[in-house]
Amino acid sequence: MAGTETMVTARDVTKYYGLHRAVDRISFDLHSGEVLGFLGPNGAGKTTTMKMLTCFLAPTAGSIKVKGHDVSEEPLRVRQMMGYLPENAPLYPDMTVMGFLRFCAEVRGITGRERDLRVGRSAEQCGIADRMRDPIGILSKGLRQRVGLAQAILPDPEILILDEPTSGLDPNQIVEIRGIVRELGRTKTVILSTHILSEVELTCRRAIIVNQGRIVADAPLEELRGQLREERRRYLFAVGAGSSGVVPGEAEVRERLRAM
Amino acid sequence: MRTTWVIGKREFAAYFGSPLAYVVTSIFLFLLGLFFFFGVFHQDVGWPFYVRKVASLDNLFNGSQLLFLFLVPAITMRLFAEERRSGTLELLTTLPVRDIEVVLGKYFAAFAYLLVVLALTAVYPIYVATLGRLDWGAVAAGYVGLALVGLGYLAIGVFASSLTQHQVVAFVVALVVALPFFFLHKVSFLFGPGVGNVLEFLAFRPHFDGIARGVLDSSHILYFLGVAAIFVFLAHRLVGGRRWR
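Quick note, the sequences are listed as chains Z and R, same order.
Okay, so the first sequence: first residue is 7 according to our numbering, each after it adds one.
Okay, so the second sequence: first residue is 87 according to our numbering, each after it adds one.
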């Protein structure tokens, strides 16, 4: 993505919950048009990072700038540029899909015809146009996730932040949501977090792998995939290196890997 | 301001979608009827209407203030606690809105709902007016006083709800914080003139009485608005507190 604008600049971002260090000196840049996957096991600090990006939590140290605006100093300006789908897509169960989307539009200052237009368009895009009159409370998890997505893309934001958009869904729903995210990635800057490797492979062009609050890898996907393939090849080689057809034990494989 | 309105509108509509509001309102009206006509808690509320034989709404105003202690926390307890629990607070506060707009939107919605409940008590003045000469000025002054007392208790309720994600905790905290404002003037005689006067000043009741007498003394009105402002401010700090470094 050469020659494009820097959308997000994170520098040494650290977050403590009490004494527990959830995020530890994370730094990265995000350029316009990138689709970035935040990959890591549960508890790695993905969600905390998303919450800091959207100005829900303040970083304990370090700075995050979105198009030059600091999240701590100009949270309103930053949030105007963002669409955010929090983890588990929290929504108001007593509202209808239509009522909820209109509410989100109005809070952002989108009213009248423009509001209805955008609500209709984002609902269409997320495949919920035929459920507009249903109360959110009766919808399936997958549909709710779509409503959350529709809410996030409604203002046509420059940056989309999606926290675990497919967690807790059944396989069909996962495929559908991934399709929508891929589609969105063609035109927008997207950050999505997940603990599923294949999700990053299917939807993202760049991945940051986090573990215990730290970035352990940050590279375009092809590169990471290459590394992974190399590691897998070496592993298989090590496993298969024994003659005899007997599967070697763990200790033996480790020994062989070291020898390589 | 516009955002406050949008948030308040949603919150107000939410009251009519939940069974809790209907239940609580029904209980309030039922108990108010007992107070008014049957002299339940007559020490606090006054003798029953048919015993007093006076065309006045004193029983209504006294009874309402006692019942507000329970009605108001029930109205406010879900405002923030429920949103914290379900996670929608994160959704709401990551939209481009100021925390104070969220707090005020919810506060005004709760006030609007309380006004609806008060409007339902309009049957009392109408009924009493058919039996005797009712002083409508006193009725109006009493309702203004009730609305101001409501503003005070509602602010305490909003504050309590912003503390926790458990609605029951929010209810209890609101009740406990509101109690001193309800009864301090009754115990002020125990503390001599200095402290006693302070306690008298802190309680809602003397200020309500001032307003209900029809004396348009701005100090009483300012008192209620001041109490409301303090607790709304505290709620605002608590809602925004997660952003402290």
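Treat the hints with care, since some could be wrong.
[Stated by the list, open to error] Derived Cβ-Cβ restraints for the label pairs, each shown as a range:
{"hint": "1", "chain 1": "Z", "residue 1": "LEU82", "chain 2": "R", "residue 2": "VAL209", "range": "28 to 36 angstroms"}
{"hint": "2", "chain 1": "Z", "residue 1": "HIS201", "chain 2": "R", "residue 2": "LEU204", "range": "51 to 59 angstroms"}
{"hint": "3", "chain 1": "Z", "residue 1": "MET87", "chain 2": "R", "residue 2": "HIS252", "range": "56 to 64 angstroms"}
{"hint": "4", "chain 1": "R", "residue 1": "GLN129", "chain 2": "Z", "residue 2": "ARG83", "range": "26 to 34 angstroms"}
{"hint": "5", "chain 1": "R", "residue 1": "ALA315", "chain 2": "Z", "residue 2": "SER38", "range": "51 to 59 angstroms"}
{"hint": "6", "chain 1": "R", "residue 1": "ARG88", "chain 2": "Z", "residue 2": "HIS37", "range": "30 to 38 angstroms"}
{"hint": "7", "chain 1": "Z", "residue 1": "HIS26", "chain 2": "R", "residue 2": "LEU302", "range": "42 to 50 angstroms"}
These are calculated hints, taken from the structure and not from any lab test.
This one's a predicted model, so the numbers in the text were calculated from it and none came from an experiment.
Cβ coordinates follow ideal geometry from the N, Cα and C atoms, glycine included.
Evaluation of the provided hints:
At roughly 46 angstroms, the beta-carbon separation of LEU82 of chain Z and VAL209 of chain R lies outside the given 28 to 36 angstroms, and the hint is violated. Separation of HIS201 of chain Z from LEU204 of chain R is about 52 angstroms and conforms to the stated range, judged on CB atoms against 51 to 59 angstroms. For the pair MET87 of chain Z and HIS252 of chain R, the beta carbons lie near 35 angstroms from each other, so the given range of 56 to 64 angstroms is not met. Restraint check, GLN129 of chain R to ARG83 of chain Z: a C-beta distance of roughly 58 angstroms breaks the suggested window 26 to 34 angstroms.
At about 44 angstroms, the CB distance of ALA315 of chain R to SER38 of chain Z disagrees with the hint of 51 to 59 angstroms. Range check, ARG88 of chain R to HIS37 of chain Z: Cβ separation about 34 angstroms, and the 30 to 38 angstroms hint holds. Restraint check, HIS26 of chain Z to LEU302 of chain R: a C-beta distance of roughly 56 angstroms breaks the suggested window 42 to 50 angstroms.
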